[in-house]
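Chemist: Protein sequence lines correspond, in order, to chains A and B. So for the first sequence, my numbering puts the first residue at 1; every next one is plus one. So for the second sequence, my numbering puts the first residue at 257; every next one is plus one.
Keep in mind the hints are simulated off the structure, nothing from the lab. None of the values given here were measured: they were computed from a predicted structure. C-beta: ideal position from N, C-alpha, C; glycine also. Worth double-checking, as some hints may not be accurate.
Across the chosen pairs, the derived CB separations fall in these ranges [said to hold, decoys possible]:
#1 B:Asp380 <-> A:Val96: 41 to 51 Å
#2 B:Gly498 <-> A:Phe16: 55 to 65 Å
#3 B:Asp526 <-> A:Ser93: 28 to 38 Å
#4 A:Phe16 <-> B:Asp277: 55 to 65 Å
#5 B:Asp380 <-> A:Pro254: 16 to 26 Å
#6 B:Leu316 <-> A:Ile248: 27 to 37 Å
In silico DSS-like pairs for lysine-lysine, Cα to Cα no more than 27 Å straight-line [claimed, not checked]:
#7 A:Lys174 <-> B:Lys414
#8 B:Lys514 <-> B:Lys476
#9 A:Lys165 <-> B:Lys476
#10 A:Lys174 <-> B:Lys368
#11 B:Lys414 <-> A:Lys165
#12 B:Lys482 <-> B:Lys436
#13 B:Lys436 <-> B:Lys414
#14 B:Lys414 <-> B:Lys445
#15 B:Lys482 <-> B:Lys445
#16 B:Lys414 <-> B:Lys368
#17 B:Lys445 <-> A:Lys165
#18 B:Lys414 <-> B:Lys482
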Amino acid sequence: MSARALMKRPAAPFVFGVACLLALIALIEVLIRAGLINPFIVPKPTEILWSFERIILEENVLPRFLLTCGEALAATLMLSVTGISLGVLLHRSRLVRLATETWIAALASAPLVLMYPLFLVIFGRSAWTIIMIAFVAALPPVILKTLEGLSGTRAVLINVGRSFKLTPSQLYWKILFPSALPTIFVGVRLGMIFALINIVGVEFLINFGGLGQLVNELSERYDLPGTYAAICFVILVSVMFFIGTERIERWLRPGT
Amino acid sequence: MPTAEPILVVENIVKRFETQDGVLTAVDDVSFNVMPGEFLSVIGPSGCGKSTLFNVMGGLLDGYEGRVMVGGDTVRGPHASVGMIFQEESTFPWRTVVDNVAFPLEIAGMAKTERIERARHFIDLVGLDGFERRYPAELSGGMRQRVSMARTLASEPKILLMDEPFAALDEQTRLLLGDKVLQIQEELKQTTLLITHNLTEAVQLSDRILVMTYRPGRTKRIVEIKLPRPRTSEVVGSDDFGRYGAQIWAELREEASKGLQDDESRVARDGGRRA
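This is chain B alone, in the form it adopts within the complex:
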C-alpha cells in the first residue's frame, strides 16, 4: 500500500519542440507524484504530449524544463529503476521468447543457467509457459506484448512505465491482458504508470487517473478510482465503473473535441495549400 514517500516525482515538466510552424509546446508544467505500489494512468487525447511525458520519465528525452526524480535520484538518462514497455512491437525477432526475456539479465552479466531460470519465472508470470523456445514471428500480437512485459519485469524495475502497450490489440484481448496486468501488479506490488487514451483500460487498472488537456498537455484533473482490489475485467460491468467512466469522459470530451477540430482545420489548411 502507498507510503508517505513518493517513488516517482514529476515536477513542472515543460517540453518544447522546434517544428516547421514554429515552437510547439508539447507538455506544459505537468507535476504529479506516484506512490510505491500505486497504479497511475495518464489519459488524454492524441497529441496531448502523453508519449513525450513517457520518454521524459524514462530518460529517453532531454532538453526539457523541470525535474523527474526516481527514488530520490534526479533522472538524467535511462534509469536502472525504471522499466519501459513501448507501444510498438519491440521484441527482438532473432531471439526466442526465453532469450528475449533474459536479455536485461544477460546485459547485467548474470550467468546463463541462472538467467534462463529467472526468465522462465517471468514467462510463467505473464502466462506464456510452453512458448519459451518460440520466436516472436510464431506468436500473436498480444503474446508478443506479454514477452515485452516479461522482459521489462525481468529487470526488476521499481517503476514500470507503459506507453499504450495494448493499443494495437482488439478490445477483448485488451481486457484480458488488463486482467494479466492486474494479477502481476497484485503479485509484485509493482508501481506502474500507464500512458493510454483508452478510458476503459484506465479505469479498469488504475488507482488514480491523470487527465491531460489537448495541446499543450497540462494536468486537467486527477481522479481517484476507488474500485475494490483485487480487480478483474468483470469490474467493467459494475455501476461504479460506469460512473467513473462517465466522469472521466466528461473531462476528456472537451479535450478530445479540440484535438478533432485541430486535425480537421490542419487537413483543410494543408489541402488548401496543395490546391
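Next comes chain A alone, as it looks inside the complex:
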C-alpha cells in the first residue's frame, strides 16, 4: 500500500498524532543525553517511563487518580447543570443579563483559588472544599458560552419553529437548545479545564489526597521522574474527560 493510500485511512490522524508525540519525546531524550537540556530540570523520558511502575506500586497512584477523577466528575456535573441553567436564565431575562454579564465575565479571570482558606472554613478539609472551589472557578465560562450559544441561534430556525406554532417550551427544547449545544460544549470543556487546574492546585495546596498531593510530595522529595509521571496521570484525567464530553456531544447533537 502506498504512503498516500495509508494517509487516507481513518486511523491516519491518530497514528500521525501519536508518532509526532513519540518523536518529540525521543528528541527531548536525545537533547538531554547530549547535555543541551539540564537533566536536573527535565528528567530523561526513559527515566519517567521507568518511574511509572514505582509510583503505581509504592505511591498508591490508583486511589489518588480515582479521587481526582471523582472530584473532577462531581465538579463537571455540578457546573454543567448550574452553568447551563444560569445561562438559560440570562438568555431569558434581559434585565438579569444586563445586570450580571460583565460581573460574570470578570469572575472568569479572577484567581478564585486564592480564596481556598474561606472554602476550608466552610467545607472543612475534605474533598468538598476542592470540588466547590473548582465548581465556582469554572462556572463563568459555562454560563457565558451557554448564553452565547442560545443568542447565536439563527433567526431563520426560530422562524421555522414559530411558523409551525411551537410553544415557547418546544421552541427552547426542539430548536434553541440543540442549536446552541456545540457552543455550550465549548463552555463545558473550558469549565472542565478550569476545574481540573483548580482541583490539582488545591490538592497540592491543602495537601489533601489526589494527584495534586502526590505531585507535591514527589517534588518535595525532589523525585523529578516520579513528579513528571504523576503529571502524566493528571493529563490522563484531562484526556479522559475530553473524550467523554466529545462522545456525549456527538450523542446529543449528531450530524456535525
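Let chain A serve as the given structure and place chain B on it in line with the hints.
Modeler: Chain B in isolation, oriented as in the chain A frame:
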C-alpha cells in the same frame, strides 16, 4: 382549478418601520386574493418589501395596517393552514433528513412509526428517496432546500408561502427545482405564493404575477400567465415565455432602476459622511 372563494385575502396592507433616518414605509396599501390551487408570484426589485409581505402573510410580523385572511380566518400570528419556506437554509443540522421532514408531525403529536412513514412519502415527493438517513451537512444546497420544502409540505398547509427559496442556487439547479415545484403543485393542487426577484422563475411557475414598485412597495400590476399546464422548464424556450418575460421586465425595469439609483446615492452619501 380556482373556485369563486379566495383562500388567501390580503387587504390594504401597510407596514412601516422606524429607522435611524425616520419612518420607512416598506409596504403601502397592497391588496390581492389567491384562489385555491393557484400559483401566484410576487416579484419586485430588492428592497420593495416582498419579504416584509411574506412575514406579514405568515403571521411572523405584527404592527401593520390592513388584514390578511386565510380560509376566512383573520391571521393574528402563525396559522396552521400556512406553510412557510424561507430564503435562508433552514434545515435542522442535528436531525437526519427523515427527522427534519417529520418535525411538524412530531410537534403535532403523531406516533413515531406513522410520522416516519408520512415523512418518507414527502421525501419521495421532492425526489430525495435514498437520502433519509443523511444529515443536512452531507447534502448540497439544492437538496437541503428540498428537505425544507418536504418538511413544510408534511404539515399539509392549505397555502404554501415561499420566500425566494432558490435564491442561493445556480440558474440550472433553480430551473430543475422549478420543475420539481411544478410537479408537486400539479400533484397536490397546492395553493402557492412565491416571493421572488427572478423573472424566469416567476414566469416558469406562476398562474399570475404581481409586480411591486420599489419602496414603498405597492402593487404596480398583476399579469396573468396563460402558459399551458402541466409545465416543465422547457417552457422557457417558447415564444410565449419570451413575450411574458419582456412584458414583466418592461414593468420591472423602471422599479429596478429606482432601486439601483437609491443604492448608489446612499453609498455616495454614506461615503461622504465617512470622508
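Chemist: Against this structure, judge whether each hint is valid.
Modeler: Hints, one by one, checked against the model:
no.: 1; hint: B:Asp380 <-> A:Val96: 41 to 51 Å; verdict: 48 Å, holds
no.: 2; hint: B:Gly498 <-> A:Phe16: 55 to 65 Å; verdict: 59 Å, holds
no.: 3; hint: B:Asp526 <-> A:Ser93: 28 to 38 Å; verdict: 36 Å, holds
no.: 4; hint: A:Phe16 <-> B:Asp277: 55 to 65 Å; verdict: 57 Å, holds
no.: 5; hint: B:Asp380 <-> A:Pro254: 16 to 26 Å; verdict: 23 Å, holds
no.: 6; hint: B:Leu316 <-> A:Ile248: 27 to 37 Å; verdict: 35 Å, holds
no.: 7; hint: A:Lys174 <-> B:Lys414; verdict: 25 Å, holds
no.: 8; hint: B:Lys514 <-> B:Lys476; verdict: 14 Å, holds
no.: 9; hint: A:Lys165 <-> B:Lys476; verdict: 33 Å, violated
no.: 10; hint: A:Lys174 <-> B:Lys368; verdict: 16 Å, holds
no.: 11; hint: B:Lys414 <-> A:Lys165; verdict: 15 Å, holds
no.: 12; hint: B:Lys482 <-> B:Lys436; verdict: 20 Å, holds
no.: 13; hint: B:Lys436 <-> B:Lys414; verdict: 19 Å, holds
no.: 14; hint: B:Lys414 <-> B:Lys445; verdict: 10 Å, holds
no.: 15; hint: B:Lys482 <-> B:Lys445; verdict: 17 Å, holds
no.: 16; hint: B:Lys414 <-> B:Lys368; verdict: 24 Å, holds
no.: 17; hint: B:Lys445 <-> A:Lys165; verdict: 24 Å, holds
no.: 18; hint: B:Lys414 <-> B:Lys482; verdict: 23 Å, holds
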